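With chain H fixed as given, assemble chain G onto it according to the hints.
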Amino acid sequence: MNSASDLRRLLFLIALLLAIVATAILVGVTFGASGAGLRTLFGSDPTARRIVMGIRLPRVLLAALEGAALAVAGLTFQTLLRNPLADPFILGVSGGAASGAAVGIALGIARRHPAAIPLLSFAGACGATAAVFLLARRRRGVDPIRLILSGLVLNSFFSAIILVSLSLSPNSDLTVAFRWMIGNLAGASWNDVIVLAVSLAVALVVLVWIANDLRLFSFGEEDASGRGVAVERVKLAGYATASLLTGAAVAVSGIIGFVGLLVPHLVRMAWRRDYRHLLPLSALAGAALVVTSDVVSRTIAPPLELPIGALTAFLGVPFFLLLLRRET
Amino acid sequence: MAAVACGAPSHVGVIDDLGRRVEVPSRIHRVVTLAPNLTEMVYALGGQKLLVGTDDFSDFPPEAKRLRKVGGMQPNVELIAALSPDVVLATTNGNHASLAPSLASAHIAMFVVAGERLEQIPSGLRKVADILKLTSGEEASSALRRAIERQRRHRIHPPSVLFAVWASPMYVAGGETFIDDLIALTGAKNAVPPTMHGWPAFSLESFAASPPDILLYPGASVSRKQIDAVLERVPHWKGTVAAVDENRFTRPGPRVAQAAADLNAILDRWKPTP
Numbered sequence: 001m002n003s004a005s006d007l008r009r010l011l012f013l014i015a016l017l018l019a020i021v022a023t024a025i026l027v028g029v030t031f032g033a034s035g036a037g038l039r040t041l042f043g044s045d046p047t048a049r050r051i052v053m054g055i056r057l058p059r060v061l062l063a064a065l066e067g068a069a070l071a072v073a074g075l076t077f078q079t080l081l082r083n084p085l086a087d088p089f090i091l092g093v094s095g096g097a098a099s100g101a102a103v104g105i106a107l108g109i110a111r112r113h114p115a116a117i118p119l120l121s122f123a124g125a126c127g128a129t130a131a132v133f134l135l136a137r138r139r140r141g142v143d144p145i146r147l148i149l150s151g152l153v154l155n156s157f158f159s160a161i162i163l164v165s166l167s168l169s170p171n172s173d174l175t176v177a178f179r180w181m182i183g184n185l186a187g188a189s190w191n192d193v194i195v196l197a198v199s200l201a202v203a204l205v206v207l208v209w210i211a212n213d214l215r216l217f218s219f220g221e222e223d224a225s226g227r228g229v230a231v232e233r234v235k236l237a238g239y240a241t242a243s244l245l246t247g248a249a250v251a252v253s254g255i256i257g258f259v260g261l262l263v264p265h266l267v268r269m270a271w272r273r274d275y276r277h278l279l280p281l282s283a284l285a286g287a288a289l290v291v292t293s294d295v296v297s298r299t300i301a302p303p304l305e306l307p308i309g310a311l312t313a314f315l316g317v318p319f320f321l322l323l324l325r326r327e328t
Numbered sequence: 001m002a003a004v005a006c007g008a009p010s011h012v013g014v015i016d017d018l019g020r021r022v023e024v025p026s027r028i029h030r031v032v033t034l035a036p037n038l039t040e041m042v043y044a045l046g047g048q049k050l051l052v053g054t055d056d057f058s059d060f061p062p063e064a065k066r067l068r069k070v071g072g073m074q075p076n077v078e079l080i081a082a083l084s085p086d087v088v089l090a091t092t093n094g095n096h097a098s099l100a101p102s103l104a105s106a107h108i109a110m111f112v113v114a115g116e117r118l119e120q121i122p123s124g125l126r127k128v129a130d131i132l133k134l135t136s137g138e139e140a141s142s143a144l145r146r147a148i149e150r151q152r153r154h155r156i157h158p159p160s161v162l163f164a165v166w167a168s169p170m171y172v173a174g175g176e177t178f179i180d181d182l183i184a185l186t187g188a189k190n191a192v193p194p195t196m197h198g199w200p201a202f203s204l205e206s207f208a209a210s211p212p213d214i215l216l217y218p219g220a221s222v223s224r225k226q227i228d229a230v231l232e233r234v235p236h237w238k239g240t241v242a243a244v245d246e247n248r249f250t251r252p253g254p255r256v257a258q259a260a261a262d263l264n265a266i267l268d269r270w271k272p273t274p
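Chains as they are written, first to last, in the working numbering: chain H, 1 to 328; chain G, 1 to 274.
Errors might be hidden in some of the hints.
Claimed, not checked - Here are the simulated DMTMM-like cross-link-like pairs (lysine to aspartate or glutamate), alpha carbons at most 25 Å apart as the crow flies:
| # | chain 1 | residue 1 | chain 2 | residue 2 |
| --- | --- | --- | --- | --- |
| 1 | G | 69 | H | 45 |
| 2 | G | 225 | G | 245 |
| 3 | G | 49 | H | 45 |
| 4 | G | 238 | G | 205 |
| 5 | G | 189 | G | 205 |
| 6 | G | 189 | G | 149 |
Simulated from the structure, these hints should not be mistaken for lab results. Please read all numbers here as calculations on a predicted model, not as lab measurements.
Just chain H, with the same shape it has in the complex:
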């Protein structure tokens, strides 16, 4: 932050994104399968109130938190790995989180202790992060193509775990497996909102704490170390936090891919590569993207809903290919 005009520009950008998120939330609360219009929002009809407060609002807020969590996770992975293609989904971290949850369902833990699901997702995400990192590591840092290939293979492996555990579980139903593999927000509840909001708050505290260290990572680990950054400790905190965000996001909605890839890149187009500023900008832009995608997914062909994970993949895949072309 060098000058007052820079600060003004950053604040303007944050205000703009906040306005977009607020608008998206308002639109999301106004439109739905059972009807639209601000009348349902402010009317006194108890059914409409129940729909808005009990169903649409938790869902829209969950979408916002989901977008923020995934975008921040993606930004953090990209910064730590210095790889623009890193994303919780592409790296297989989301898959690890979903298979943690699926194993919990298969073993019947979900039925007895529903609160264990986010913890299992977090454990799965941590395991996947460690696995992808070890698989891609070379003597001189992490090889970008190896990283993507490792993520690809891990994703297939985790899909297999999800399918096997949910096929073996009592009352198996493949639609349940699909819910984990292609995320959707149809089951959103206030509980989910609380779980994700708390996880996001914890993660943001840690990331703000180490934001300046992460900024220095863009000069390379040795350089960062030379500038007094406790590299290993920051890496551990960063990976754990990004895994926490991914685990919590997947636990409440299944896998929603590519948000962590798209959002930080779009933000970087509007702002320079300073982690301290990219953090709030990515969180807000992620929220705007997922809330908007969710509104589209549930209003495009009512009463049917498109899986939001499929929608973000439609947006994310061309973007990924574009980046891949530019990077290699």
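Using the frame of chain H, we list chain G on its own:
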């Protein structure tokens, strides 16, 4: 959870078949059912006036087709809430349980009724009646139990029966399903090894290794052509193939006694090859 038991007197705490404690309003005026067997149960109990919505598949009795529809495999929570039901009836089959948290956020009670085994059907009928405060529950439930019991047969040469719910790959009714119970009730035996539970995939190799005497398939979602295409690959098999009324056989509802009667008719016609 303690608050549930001593909550407002307008609600009663009940335990559903998933073992969840559900607070159901003590007066029920509006009900949404999420599966056709439950819709049929409500009609069988004479509670159809309470029905304000059902899933897309509920088509029996024919009037049920005119009820408001809230979706199929993944019912739309918002459409359910828009009907402001006092209670939503769901089944353990499918993923209805995943709707519970969002319905709870909208303060809508969901009661889950198990329909995996034959003996759960009369008791499910009773539970539905109790939830909806219909007096016909005990009578309807014991009548159904008697109707089922009337279909019990003992056969000297029990034919082995394979019930294929899907042709290719072949998915079949395995052990611990109400179809398996129906096969046992009517004095036949399930061609699927008892270790295979639920609705497993059944390979052609298993089919050839333990060939059934009778192959049954649901006539609406599987066609004879699809079955013949599978059977072409086991040319030596010389068993009986029969289509059954899909909805009687695949819905754990009040028409299950008729399914048993249909099955007995098929089994009675079958002659063991000397």
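Hint check:
Restraint check for residue 69/G and residue 45/H: satisfied, since their Cα atoms lie roughly 22 Å apart, inside the 25 Å limit. Annotation: proposed proximity of residue 225/G to residue 245/G holds, straight-line Cα distance about 17 Å (limit 25 Å). About 23 Å separates the Cα atoms of residue 49/G and residue 45/H, which keeps this hinted pair within 25 Å; it holds. Between residue 238/G and residue 205/G, the direct Cα distance comes to roughly 16 Å. Compliance with the 25 Å bound is thereby established for this hinted pair.
This hinted pair checks out: residue 189/G and residue 205/G have alpha carbons roughly 19 Å apart, not beyond 25 Å. Our distance criterion of 25 Å between C-alpha atoms is met by residue 189/G and residue 149/G, whose separation comes to about 17 Å.
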